[in-house]
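Colleague: The lines below spell out each chain.
Protein chains: 2
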Amino acid sequence: MTDQPYHHGKLREALLERAMETIEEAGVEGLSLRQLARDVNVSHGAPAKHFRDKQALIDAVALAGFESMNRLIQDAAQSREDLRGRFVSVGKAYVDFAVEHPALLTVMYSTKHHPDSSEELRSTGVQGIHVAQAMVAEAQEAGALAAGNPETLAMVCFVSLHGTALLAAGGQLDGNSVEDVVTATTDTLWAGMAAGVPAAQLH
Amino acid sequence: MTDQPYHHGKLREALLERAMETIEEAGVEGLSLRQLARDVNVSHGAPAKHFRDKQALIDAVALAGFESMNRLIQDAAQSREDLRGRFVSVGKAYVDFAVEHPALLTVMYSTKHHPDSSEELRSTGVQGIHVAQAMVAEAQEAGALAAGNPETLAMVCFVSLHGTALLAAGGQLDGNSVEDVVTATTDTLWAGMAAGVPAAQLH
DNA sequence: TCTACTTTGTTGTCAATGACTACATTGGCT
DNA sequence: AGCCAATGTAGTCATTGACAACAAAGTAGA
Chain G
-4 MTDQPYHHGK LREALLERAM ETIEEAGVEG LSLRQLARDV NVSHGAPAKH FRDKQALIDA
56 VALAGFESMN RLIQDAAQSR EDLRGRFVSV GKAYVDFAVE HPALLTVMYS TKHHPDSSEE
116 LRSTGVQGIH VAQAMVAEAQ EAGALAAGNP ETLAMVCFVS LHGTALLAAG GQLDGNSVED
176 VVTATTDTLW AGMAAGVPAA QLH
Chain F
-4 MTDQPYHHGK LREALLERAM ETIEEAGVEG LSLRQLARDV NVSHGAPAKH FRDKQALIDA
56 VALAGFESMN RLIQDAAQSR EDLRGRFVSV GKAYVDFAVE HPALLTVMYS TKHHPDSSEE
116 LRSTGVQGIH VAQAMVAEAQ EAGALAAGNP ETLAMVCFVS LHGTALLAAG GQLDGNSVED
176 VVTATTDTLW AGMAAGVPAA QLH
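Protein chains in written order, with the working numbering: chain G, -4 to 198; chain F, -4 to 198.
Be careful, since some hints might not be right.
[Unchecked claim] Only part of the chain G face toward chain F is listed, based on derived beta-carbon distances under 10 Å: (1) Glu24; (2) Ala98; (3) Tyr104; (4) Glu146; (5) His157; (6) Gly158; (7) Thr159; (8) Gln167; (9) Val176; (10) Ala179; (11) Leu184.
[Stated by the list, open to error] If the Cβ cut is set under 8 Å, some of the chain F residues that face chain G in the computed set are: (12) Ile124; (13) His157; (14) Gly158; (15) Leu162; (16) Gly165; (17) Asn171; (18) Val176; (19) Thr178; (20) Ala179; (21) Thr180; (22) Gly191; (23) Ala194; (24) Ala195.
[Said to hold, decoys possible] Covered by chain G, per the in silico footprint, the following chain F stretches (three or more residues, Cβ under 8 Å): (25) 102 to 108; (26) 146 to 153.
The set of hints was computed from the structure by calculation and includes no laboratory data.
Just so it is clear, CB atoms sit at the ideal spot from N, CA and C, and this is done for glycine as well.
Between the sequences and the hints, there should be enough to build the whole structure, so can you do that?
Modeller: Below, the structure written as structure tokens:
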């Protein structure tokens, strides 16, 4: 063991990384500031210099989660496929991320974030919806989908895939395979939007 | 203050009721066994005689939540409307419940229940899906919906409405109104199932 | 270079909590 | 009457998040 210098150097990053690991292994309720400090070989008071709160740390983890998830969604949205294929890919990317990081997803969509970090979190968390919205609008212009408010329709896609993601992550699909449910969900959404959704008609 | 008898009489029910209130007011993390005991004028060790764990208490709250939610869903499924109207009503009933009891819903669908109570919880929590499945099958027989595996399709409906419910409960609909999203979601699902969902075809 | 000043860590403390134990009271059953 | 399981009380313990007082180390200007 090399004896540690007084100043860690990159404590903030180390804490964030370790916190993410802990949350993925044991959930948020398994995260303890003091244990975290021990894990990183630092005194129990040190984390407070970087995160004023336990919640502030959790918020930072959530933000990092959104950022890495957004990357995956962006990639899927730009895959070389037809419109419908890209739509399905985005859905799969979202659900795959959820299944691989279930506890992280819970943290990301938790309701009790700090008011201050809340704004950055919100705007980052909402990017996925905007990707969906752009795809819907594009498909409508191409004539693949019926007319209808893209904002509303994108929200429908998002909530549906969000439900799929959460339940798949929690193993609560009641016997159905993740693959089957994602495929059937995206199929249903696409078929519905192609046929036309009364509640989303522009007026 | 009438001085309390040594035995409370219905401590278990009192604890459950108060725990439910606390969770709805302050979330699960706002629930403390000791504070709960104080609220009910009982010593801090008393709850342990009725719930061996904090988690056991939470599980009981979750179960009660499912039971009351199932009642609402059942009622909606039996409303005097046509098939499509009943389908929409069930969706609205679910989302309404979520909006009125956001923290409770979180607890109900939490992943970390005790293994023992888990089975009863699971079977109770799954009843809503079976209601949807019966409705889909009925609509298919009536010719209102295209053929397709009712189990898969019901799951699609459930996950979609679940996502709507959770995000609506958390105020995370990004500006869209709850009403709009529920209506558009049920519309999309119905239109998709009417048109036919490739992934749900029987084979 | 000396010296303030800020950042980053450390140590000690506090009240609250969940779990556990030993003990008290009660009511039901024989 | 007398036993016994169920229910409640009181006390204890380790852990936790937050906070305060202090120490060390980097930084920037005279």
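Colleague: Now tell me, hint by hint, if it's right for this structure.
Modeller: These are the hints, each one checked on the structure:
Taking 10 Å as the C-beta contact cut-off toward chain F, the hint placing glutamate 24 of chain G at the interface holds, the least distance being around 8 Å. For the restraint placing alanine 98 of chain G at the interface with chain F, the shortest Cβ-Cβ distance is roughly 8 Å, inside the 10 Å limit, so the hint holds. About 7 Å separates the beta-carbon of tyrosine 104 of chain G from the nearest beta-carbon of chain F, less than 10 Å, and the hint is met. Against a cut-off of 10 Å between C-beta atoms, the interface hint on glutamate 146 of chain G holds, since the closest Cβ of chain F lies about 7 Å away.
Evaluation of the histidine 157 of chain G hint against chain F yields a held restraint, the C-beta minimum of about 4 Å falling below 10 Å. At a threshold of 10 Å, the smallest CB-CB gap from glycine 158 of chain G to chain F is about 3 Å, leaving the interface hint in force. The closest approach between the C-beta of threonine 159 of chain G and any C-beta of chain F is roughly 4 Å, which is under the 10 Å cut-off, so the hint is satisfied. The beta carbon of glutamine 167 of chain G comes within 7 Å of a beta carbon in chain F, closer than 10 Å, and the hint placing it at the interface holds.
Checking valine 176 of chain G against chain F by beta carbon gives a least distance of about 6 Å; that is within 10 Å, so the hint holds. For the restraint placing alanine 179 of chain G at the interface with chain F, the shortest Cβ-Cβ distance is roughly 4 Å, inside the 10 Å limit, so the hint holds. For leucine 184 of chain G, the interface hint holds, the least distance from its beta-carbon to any beta-carbon of chain F being 6 Å, beneath 10 Å. With a cut of 8 Å, the hint placing isoleucine 124 of chain F at the interface with chain G holds, because the nearest CB-to-CB distance is about 6 Å.
For histidine 157 of chain F, the shortest C-beta to C-beta distance to chain G is roughly 4 Å, which falls under 8 Å, so the interface hint holds. Checking glycine 158 of chain F against chain G: minimum C-beta separation of about 3 Å stays under 8 Å; hint holds. Because the smallest distance between the Cβ of leucine 162 of chain F and any Cβ of chain G comes to about 5 Å, under 8 Å, the interface hint for this residue holds. With a cut of 8 Å, the hint placing glycine 165 of chain F at the interface with chain G holds, because the nearest CB-to-CB distance is about 5 Å.
For asparagine 171 of chain F, the interface hint holds, since its Cβ comes within 8 Å of a Cβ in chain G; the closest pair sits about 5 Å apart. Because the beta carbon of valine 176 of chain F sits about 6 Å from the nearest beta carbon in chain G, less than 8 Å, this interface hint is met. Taken as an interface hint, threonine 178 of chain F checks out: its beta carbon lies about 4 Å from the nearest beta carbon of chain G, inside 8 Å. Nearest Cβ of chain G to the Cβ of alanine 179 of chain F: about 4 Å, under the 8 Å cut. The hint holds.
Contact between threonine 180 of chain F and chain G, as hinted, is supported at the beta carbon level, the nearest pair being about 5 Å apart and thus within 8 Å. For the restraint placing glycine 191 of chain F at the interface with chain G, the shortest Cβ-Cβ distance is roughly 7 Å, inside the 8 Å limit, so the hint holds. Interface hint at alanine 194 of chain F: satisfied, since its Cβ lies 4 Å from the closest Cβ of chain G, which is below the 8 Å cut-off. Interface restraint check for alanine 195 of chain F: the shortest CB-CB distance to chain G comes to about 5 Å, inside 8 Å, so the restraint holds.
A count of 3 residues in the region 102 to 108 of chain F with a Cβ less than 8 Å from any Cβ of chain G is obtained; the coverage claim is therefore met, three being the minimum. For the region 146 to 153 of chain F, the assignment as covered by chain G holds, since 6 residues bring a beta-carbon within under 8 Å of that chain's beta-carbons and 3 suffice.
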